[in-house]
Amino acid sequence: MQPDVLRERLGPILGPRLLAVEPFAGTAGRVRFAREGALELFRAVRDTLGYRHLAMVGAIDWVDHREVFYVAWSDEERDYLFLSTDLPASDAHVESATPVWPAANWHEREAFEMVDVRFDHHPDLRHLLTPDEYAFHPLLRSFKLHEPEELEVKTRNV
Amino acid sequence: MWINMGPQHPMTHGLWNLRVRIEGEIIEEVDPEMGYLHRGIEKISEDRHYNEVITLMDRTCYVAGLAWEHLYIIAAEQALHLEPPERAQYIRTLSDELQRIASHLMWYAAFVQDIGLMTPFLYAMRDRDLVLDLFQSYTGARMTYEYNRVGGVRNDLPTGFTDRTRKVMDWIYARFVDYDHLCLDSDIFHRRCDGIGVLSARDCVDWGVTGPMLRSAGVRRDLRKDRPYAAYDRVEFDVAVADGADVTARYLVRMEEMRQAVRIVRQTLDWLDKNPGPVLADRLPRWLGAPYAPVGREGYLLKRNFPTGRGFSSVEEPHGEAQAYVVNTGGEHPYRVKFRSPVFANIAAAQKYLPGYRVADIPPIMGSVDICVGEVDR
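Chains X and C, in that order, are what the protein sequence lines are.
Position 36 of the first sequence, counting from 1, maps to 36 under the working numbering, and the rest follow consecutively.
Every position in the second sequence, counted from 1, becomes a number in the working numbering once 158 is added.
Since the hints were derived computationally from the structure, they do not count as laboratory data.
Beta carbons are placed, not taken as given, at the ideal position from N, Cα and C, and that holds for glycine.
There's no promise every hint is true.
[Claimed, not checked] Selected chain X positions facing chain C (Cβ under 7 Å, derived; list incomplete):
{"no.": "1", "residue": "A25"}
{"no.": "2", "residue": "R52"}
{"no.": "3", "residue": "H53"}
{"no.": "4", "residue": "L54"}
{"no.": "5", "residue": "I60"}
{"no.": "6", "residue": "R78"}
{"no.": "7", "residue": "P102"}
{"no.": "8", "residue": "L129"}
[Stated by the list, open to error] Far from chain C by the CB rule (all over 10 Å, computed), these chain X residues:
{"no.": "9", "residue": "V5"}
{"no.": "10", "residue": "P12"}
{"no.": "11", "residue": "R32"}
{"no.": "12", "residue": "E40"}
{"no.": "13", "residue": "S90"}
{"no.": "14", "residue": "H121"}
{"no.": "15", "residue": "H122"}
{"no.": "16", "residue": "L125"}
{"no.": "17", "residue": "E133"}
{"no.": "18", "residue": "A135"}
Whenever a hint applies, use it, and build me the whole structure from the sequences.
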């Protein structure tokens with residue numbers, strides 16, 4: 001499915017909440033949407049476009065904002081579709097995709113603990129890989145493993 | 159009553175905890191607890207060069223290292239706008255399929271032990287060693303290979319490799335008959351495996367279940383056919399499918415996949431015999447081979463001039479469909495690397511396929527999922 005076809009079919013459903021459809025990394029395309037339209041977009045993508053299989057949900061910390069992306073697969077199109085939304089870092093939350101794709105459950109739990117994005121109306125938003133009381137969000141850019149400059153000096157002096 | 163199966167339990171095949179709520183012998187609810195093996199591979203990748211991440215990929219799934227290297231390397235090459243030579247594509251296809259055989263044999267060995275058959279375990283482990291010997295002869299390692307490079311593979315195949323591999327393939331192909339006899343003719347096998355752990359095709363798709371579990375529900379989906387990568391569009395093979403969606407069906411799918419893997423290996427060997435050539439792209443940026451991150455003027459130029467990009471890859475690894483997403487914002491490290499493990503989704507669906515069966519059914523059912531905790535926790 002080409003990006004302009006996607007725009008034609010999703011445009012009437014989402015209206016101004018559909019921000020852009022662009023070609024993306026060898027997939028059918030990337031749909032950028034405003035978070036208010038999340039559930040309607042998920043339903044449209046699954047039922048109208050036929051992307052029934054949710055492959056993954058992930059989040060990226062861009063320091064000034066956070067991006068949540070969804071990757072869905074369609075058996076008819078034999079291709080992946082990226083959905084992506086930008087959230088302000090101070091108030092990062094988006095509607096959970098679990099009512100539409102049950103597969104989103106664990107992926108959203110992981111994004112929640114790693115990148116500190118909250119998923120509204122998630123049935124069971126607990127930590128998945130880290131302990132429950134773990135107070136850090138390791139995949140935020142502010143979480144440093146080490147000071148790279150120090151390490152570089154050490155390795156070059158050896 | 160809640161009981162804990164794990165983190166140390168013969169059923170787990172790794173380090174995780176299956177919490178089960180039971181009513182008598184019947185499973186009412188399950189809650190898998192993961193994270194015992196979490197090493198933060200996605201985080202560590204943010205501080206490493208593109209080639210250094212390959213080391214982590216071997217440790218992501220330690221029984222299917224080459225398949226995971228392949229997954230990452232496709233996404234990384236796409237993000238860095240590099241193209242590997244055709245011979246490297248064939249070597250990767252060959253590695254993937256040898257890895258599929260090794261991984262499925264490991265699964266077979268662990269699975270038959272779960273249901274109380276000891277002899278097939280020894281058979282499978284012995285034959286898996288023959289495949290590991292092949293890996294050792296061209297990658298230098300039996301488990302953590304670090305063989306793929308951004309832009310190709312590290313070295314070409316050694317002299318006599320193709321003949322040796324053909325002999326091993328002939329031997330293993332003949333042994334598959336024995337494997338089937340040991341399991342399918344065994345009364346214990348059928349009593350413990352038939353009709354349990356059923357997950358319908360619809361539930362599989364809803365819960366993101368892929369790989370042999372999905373194909374055992376009769377769905378003909380295989381990324382090697384549907385979205386070919388490497389040299390898979392140039393080799394002939396059939397997609398293994400079974401009906402029943404139970405533990406026996408998953409067994410049948412994996413056995414057929416191994417036969418098809420032998421078929422693919424033979425075709426790639428024929429091609430590799432006839433087509434010598436380079437295995438690594440010759441126009442690689444210098445820093446890709448550097449032992450440390452370029453600093454000073456070189457690093458500055460790199461940061462200024464290197465193109466940015468995003469890479470997305472999807473690979474049919476032995477456990478199912480794995481995805482990688484690499485974000486390159488310029489510079490020597492990836493900005494973000496995200497992996498999707500098929501076993502992650504397959505275990506998440508346990509709350510669909512476990513309830514209703516008995517506690518004694520858990521080892522065969524979870525055994526048939528083919529769990530690799532390394533790639534779930536990453």
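Taking the numbered hints from earlier one at a time, note which ones the structure violates and give those numbers from smallest to largest. none
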